[in-house]
Each structure stands twice: as structure tokens, then as C-alpha cells.
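S.K.: So the chains spell out like this:
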Amino acid sequence: MEAQAFLARVSAALGGASAPWTPPDTRAAPSAPRRRVELLHLHAEFAAHLAKVGGTAELVPASNAAARAMELLGAGPRVHVGLELLPECVRAVVARGAAIGPDSDPLGWRAACAEAEWGVTDAVQLVAETGSTLLCANARRPRAASLLPRRHMVVAPLSRLVADLDEALTHLADAPSQWLLVTGPSRTSDIENDLTIGVHGPGVMHVLVVDEDEA
Amino acid sequence: MSGLGLHDAFLDRARHALGQEHLKQAVRRTTDRLRDGRAAASAEAGAFEAWRDALSEARRRAIGRLDVVLQAWQARAEARGVLVHHAVDAREACDIVVGIARAKGARLAAKGKSMLSEEIELNQALEAACVEALETDLGEWIIQLAGERPSHIILPVVHKPRGEIRELFERHGGEPLSDETRVLAGYARDRLRAEFLRAELGVTGCNMAIAETGSIALFSNEGNGRMVSTLPRTHVALMGVERIVETLADFAHLVRLLPRSATGQRVTTYVNVLSGPARPGELDGPEELHVVVVDAGRTAQLAERDYRDALACVRCGACLNACPVYSAVGGHAYGTVYPGPIGAVIEPLYARDDERRAELAEASSLCGACHEACPVRIPLHDMLVRLRQDNARRGRGGPTALALQRIAARAMAVPFVYDAAGRIARRAARLAAGGGQLGRWALGSAPVLRELLRRRALPDVPIRSFRELWDELEEER
Ligand code: SF4
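Here the protein sequences line up with chains A and B, keeping their order. Heads up, the first sequence is in this note's numbering, so the first residue is 1 and it goes up one at a time. Heads up, the second sequence is in this note's numbering, so the first residue is 1 and it goes up one at a time.
Hints were generated in silico from the structure; no laboratory data involved. There may be inaccurate statements among the hints.
As the list claims (entries may be wrong) - Pairs of lysine to any residue residues, derived as SDA-like cross-links and limited to a Cα-Cα distance of at most 25 Å, are as follows:
| id | chain 1 | residue 1 | chain 2 | residue 2 |
| --- | --- | --- | --- | --- |
| 1 | A | Lys52 | B | Glu200 |
| 2 | B | Lys104 | B | Glu287 |
| 3 | B | Lys104 | B | Arg266 |
| 4 | A | Lys52 | B | Gly37 |
| 5 | A | Lys52 | A | Ile197 |
| 6 | A | Lys52 | B | Trp51 |
| 7 | A | Lys52 | B | Arg386 |
| 8 | A | Lys52 | B | Arg29 |
| 9 | B | Lys104 | B | Phe48 |
| 10 | A | Lys52 | B | Lys104 |
| 11 | A | Lys52 | B | Arg266 |
| 12 | A | Lys52 | B | Ala47 |
| 13 | B | Lys104 | A | Arg110 |
| 14 | A | Lys52 | B | Arg91 |
| 15 | A | Lys52 | B | Glu127 |
| 16 | A | Lys52 | B | Asp32 |
| 17 | A | Lys52 | B | Glu195 |
| 18 | B | Lys104 | B | Asp284 |
| 19 | B | Lys104 | B | Arg91 |
| 20 | B | Lys104 | A | Ile197 |
| 21 | B | Lys104 | B | Glu200 |
| 22 | B | Lys104 | A | Pro20 |
| 23 | B | Lys104 | A | Ala111 |
On a predicted model such as this, the values are computed, not experimentally measured, just so you know.
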């Protein structure tokens with residue numbers, strides 16, 4: 001059915017056309033950057049909630065981040081988002097060896113993701129309330145990096161922590177093609193209520209929170 | 001047709017379900033687990049009641065001006081490249097999806113979980129057009145392999161023991177497997193992975209649209225919804241016309257409440273919000289994103305003021321888990337796509353002339369547990385009472401039952417008549433309960449009562465009525 005006729009039916013069911021809709025005012029009040037101690041508290045909350053659903057988060061000083069990332073990533077095949085989106089200290093390690101990034105051709109990219117042991121991404125926000133990471137798709141952040149590999153690593157600076165969902169969602173008014181909250185590994189309870197991890201999406205989700213200005 | 005004038009399909013299916021021990025236990029175990037999870041999540045979150053208020057208000061606000069909210073959503077979605085379609089009924093919705101599949105030369109459609117797809121019977125329509133429709137949610141896939149229908153709107157396969165699942169998979173793959181959950185889930189992962197990469201078309205539902213950004217949102221735990229909305233070149237989302245909130249701020253409340261109400265999770269593993277197909281320069285994501293907005297009886301419900309609130313439903317399943325009737329008989333007994341209290345309300349409303357669905361209003365104890373569990377506070381039990389009244393008014397109660405109700409209404413209006421009638425009835429019931437030949441004969445000979453007793457257990461009969469006791473107490477004072 002034509003859109004106009006369809007909407008007219010809805011209006012009729014409501015008992016007449018409604019007054020025009022006005023979009024909400026989304027200009028977020030500018031907020032002062034959080035103090036380090038607040039961010040550390042938020043990180044603790046974030047990590048605790050993520051742990052409850054089988055994900056893991058650790059806070060590492062920038063000086064130690066490369067070593068830690070190398071230890072976790074091993075030598076297996078990996079894919080990653082644009083390196084410039086990751087904290088500088090881990091870029092070299094993530095790009096090492098058999099790593100494929102968003103400069104690859106589309107078909108090669110998909111195959112690389114399906115083969116990858118790790119997919120490494122950034123996160124636009126880390127949400128303390130739920131232990132969620134907020135991922136946004138764009139040309140430098142292809143979607144499959146967090147979907148097809150067996151394990152998913154998020155690397156983000158401590159300053160990306162926000163308190164709650166309301167705060168996280170205010171950043172999304174200009175709508176990327178996809179935004180995504182990821183909270184823990186893929187899971188199902190479909191078989192006799194028995195929880196299994198890693199059904200379709202990654203079976204491991206690890207967040208490396210980089211403390212860039214540790215004293 | 002029986003004296004009460006209603007079909008007995010629900011009764012028969014319910015009796016059948018009650019006879020199956022495993023089914024009973026599985027449904028009970030699942031509803032208990034989900035209900036406990038929800039209770040824990042709501043106790044933990046101090047703001048739970050405030051969120052319920054906020055989400056209830058947001059959903060009713062959007063539905064109260066659905067026409068302009070839809071229009072705003074569509075304008076923004078189209079500006080971001082979404083192709084929006086409108087379907088008045090199931091048939092039109094299927095035709096649209098089949099048309100897209102044909103235009104794309106699709107042979108395989110990989111599907112995420114969607115109750116709306118069940119409702120419009122999309123799989124049958126696709127298969128008729130020679131497009132294989134593959135369910136990829138683990139539970140839905142098992143259901144599809146078994147050739148059954150989902151029995152719960154969140155956990156479609158609660159009724160199936162693992163042994164049966166193993167046998168299904170073994171028949172499917174032709175190799176022996178073990179009963180372990182890990183092994184069974186692993187088999188599904190491997191098999192479905194290849195299909196995700198092969199499918200030309202991805203089909204999903206839409207948990208909620210967001211007008212402010214022209215988006216659609218998909219909640220999932222497994223990740224199959226992400227697969228089918230990312231890998232195939234074309235993604236089609238089916239959206240019920242009422243599934244929309246106005247703003248991202250409203251949506252935040254849904255993110256909090258849908259998982260908590262459904263399974264007790266703080267948030268589902270994935271909350272996937274799509275605003276258009278892949279943009280220029282993006283390496284993956286679909287080339288085309290179609291959203292089919294489906295009415296199928298919903299605007300008719302919108303026009304019925306008494307039932308409009310039921311459109312606020314977010315399909316969390318909490319009312320199913322809270323319902324003593326659902327917990328006892330499971331979803332298949334309802335014989336409809338949506339079971340439980342919400343099903344008993346919307347199924348008759350979607351098809352007002354369907355006698356078979358009308359009887360579902362009887363499948364409730366009217367205890368109100370569903371209303372208490374509902375994150376958007378839909379007064380389901382009130383609506384069930386009203387539906388029963390509608391049934392009676394439409395003569396679905398049958399002439400004798402209707403006459404009886406009229407007599408009762410008159411009697412209750414006059415205290416003297418009410419008292420006298422009560423005394424006679426109590427005596428007759430005591431005679432029957434005590435095994436008196438006369439009493440049993442008296443009850444058995446009244447066809448209306450016979451019918452009623454087939455459906456409902458007779459309560460214990462008090463020796464004296466409340467009014468009689470009250471009078472005695474008054475005298476003693
Ligand atoms: S009626 Fe309420 S409790 Fe039942 S599924 Fe809908 S939102 Fe959930």
C-alpha cells in the first residue's frame with residue numbers, strides 16, 4: 001500500500017490526524033571532563049558488570065599496554081579497525097604479522113574476518129551501568145571485525161568511560177549506519193536452559209582499558 | 001457446538017499438554033528461571049519502577065500519535081537510504097518480501113528471530129516462491145528442523161529435551177553427536193556459519209524503531225541477528241506498525257527493561273541499531289536495507305480505545321512466565337502464534353471474527369500476575385474480562401449462558417433475590433458435593449452448569465454466605 005494511504009488509516013484509527021511531530025532537542029549540555037578518580041570508579045563498575053556476563057576487562061597503564069596486547073593476541077591471524085582509532089601504544093602490536101585492516105578489499109576482508117582468531121576494535125564509549133561497549137560502524141570501522149572472529153578484543157582509553165546508557169546514547173543523534181552495544185560473549189540458553197557461550201558471535205570478549213595518564 | 005458456544009480447541013490442547021510429563025516440567029522450569037531472573041533484576045535495580053513508568057509513558061505517547069511518529073521515522077530512515085514498504089495484511093507483507101527476494105535472485109534467505117514472520121507465515125510464502133527460508137536463531141532452527149512452532153516468544157524451544165535435539169541434528173548432519181550442550185551448539189554454529197556467508201537475503205524482525213534517528217533496533221544474545229543484517233547483500237526487516245518510540249532517550253528505557261523483563265539480564269549481549277544500509281566506503285553491511293511496516297490487524301486494535309494500550313507491548317514474555325495457566329500448559333496449547341496472557345488479548349483482537357481465537361479470553365485465572373510483571377503495565381487481566389464480556393455480547397456465550405448471565409445480573413441488583421438464590425444454590429451444591437443422588441442429578445441436568453463444570457473446577461461451597469456470617473457477627477457485637 002502507498003505510504004500516504006497507509007498513514008491515513010493510522011490517523012483514522014486514532015480518530016483524526018495528530019498534531020505535527022517535533023523532534024526532541026538533542027544538544028547535549030557540555031560537560032566537564034571527568035576527573036581520573038571518577039573514571040577509575042566507573043571502570044570498576046564497568047568491569048564488574050561485564051564479568052557477570054562472561055566478558056573480561058582490565059585496566060593497563062599505557063606503558064604496559066603493548067606487552068599485554070601482544071601476550072593476549074599471540075601469533076594467530078587477526079583483523080582490526082583503522083589503527084589510527086586505537087591508542088597509540090598498541091598500534092604496532094596490533095598491526096604485527098598476519099593482520100588485516102579496513103584497507104583490504106571487501107571480499108578479502110570478509111574471508112580474513114572469518115579466519116581470524118582475534119578481531120580488534122575500539123569503542124566509542126564504555127558504559128559503566130551495564131558493562132557495555134558501544135561500537136559504531138563507518139568506513140574505518142567495518143562491522144565484521146567484532147562479529148566473525150573467534151575472539152573480540154576492545155582497546156579503548158580510560159577517558160571513554162561514561163556512567164550510564166542515557167549518557168552514551170546522547171552521542172548517537174547523528175546515527176551511523178550501525179551502532180551496537182556489545183556486552184560479553186555471544187550466548188544462548190536455548191538447549192534445556194543450559195547456558196552456552198560463543199554460539200554465532202565471538203566466544204571471548206576482552207576489553208583492554210588503557211590508562212594513558214597514570215601518575 | 002457446546003452449550004457455552006465456544007470451541008473446545010484450547011481445552012483439548014491444554015489437556016494434551018498436561019498429560020506430557022516432560023513438557024510440563026520443562027515449561028515450569030523455564031518460566032520459573034525467567035521469573036526468578038526478572039525478580040532478581042528488578043530487586044537489584046532500585047529504579048526499576050521509575051523505568052517502568054518512563055517506558056509505559058514513552059510507548060503510550062508514541063502510540064497516541066502513531067501517524068506523525070511513523071511519518072517522522074520514515075522521513076529520517078529514507079534520508080539515510082532505507083527503502084520503506086507498507087503492508088496492510090499478512091498477504092501483502094509476504095508479497096513484498098517475496099518480490100524483493102525475486103528481484104535479487106535470492107535462493108537462500110537467512111532469518112533472525114521474528115515473531116512477526118511467524119505471524120504472517122513468511123517461510124511458507126518464501127518456500128512457495130522457491131526461496132529457502134532458514135531460521136538461524138538456535139532455538140528457531142531446532143523448531144524448523146522438527147517442523148514445529150515456537151512455544152515461547154523468547155525461548156521458542158523450551159519444550160524440547162536435549163535427546164530429541166541431538167537426534168534432529170544427527171539426522172540433519174548424518175554423523176553421531178553427544179548430548180552435551182557445547183557439542184550441540186557447536187554443531188549449529190558450524191553448520192549455520194556457512195549458510196550466513198551463502199545467503200543473498202537476510203530477514204529479521206524489528207524490536208523497536210526510533211523516530212528521532214530513523215533507526216530500527218534488534219536485541220539478541222546469540223549474534224545471528226547481527227550475521228543476517230551484516231553479511232547478505234540485502235537485509236529486509238519486518239516491523240509491526242506499533243513498534244516505535246520517539247527518541248533515543250525513550251529507547252534507553254527499553255534497553256534497560258526489555259532484557260530484564262525477558263530473562264533478568266541487565267542488557268542483552270547485542271543491541272544492534274541500524275540506520276540505513278552500508279554507506280559509501282564501508283567494507284561490509286548490506287547494500288540495501290528494506291523495512292516492511294506491517295499492520296495485520298493492529299490499526300483496528302488502535303481504534304478500539306479499550307484495548308489500545310495492548311499495542312504498547314514490547315514482547316518481552318514476562319507475562320507468559322508469570323501466568324499460572326501458561327506455566328501449566330505451555331505455549332502450544334494456545335494454538336496461536338502469540339501464547340500466554342498477551343496472546344489471549346491480541347490474538348482475538350487481530351481477528352475479531354475468529355471464534356477459535358475468541359475463546360482464548362477464557363484461558364486465564366484473572367489473577368493479575370501478568371499485569372504485575374509487565375514492563376509497560378498493560379492491564380491484561382482487565383482486557384481479558386472485557387473480551388469475555390464482548391464474547392457474551394456477541395452471543396458467543398450461547399443463548400442459555402447469556403440468559404443465565406442476565407438473570408444473575410438482575411438477581412444481584414436486588415439483595416433479597418440474591419440472598420434467596422444463594423441459599424438455594426449452596427444447598428444444591430452441598431447435595432452434589434456430598435454425593436447426594438438428587439444434587440448430582442440437579443446439577444447434571446442443567447446443561448449450562450454441565451458445560452461450566454467441564455471448564456472450571458467448582459469451588460468449595462461454604463455452609464453460610466459472607467453476608468450471613470456478617471449478620472451473625474453484627475448480632476454478637
Ligand atoms: S504484555 Fe507486557 S509482559 Fe507481556 S510480552 Fe507484552 S510487554 Fe511483556
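S.K.: Which numbered hints are broken by the structure, listed smallest first?
M.R.: Hints 1, 3, 7, 9, 10, 14, 15, 17, 20 and 22 are the ones this structure does not satisfy, whereas the remaining hints hold.
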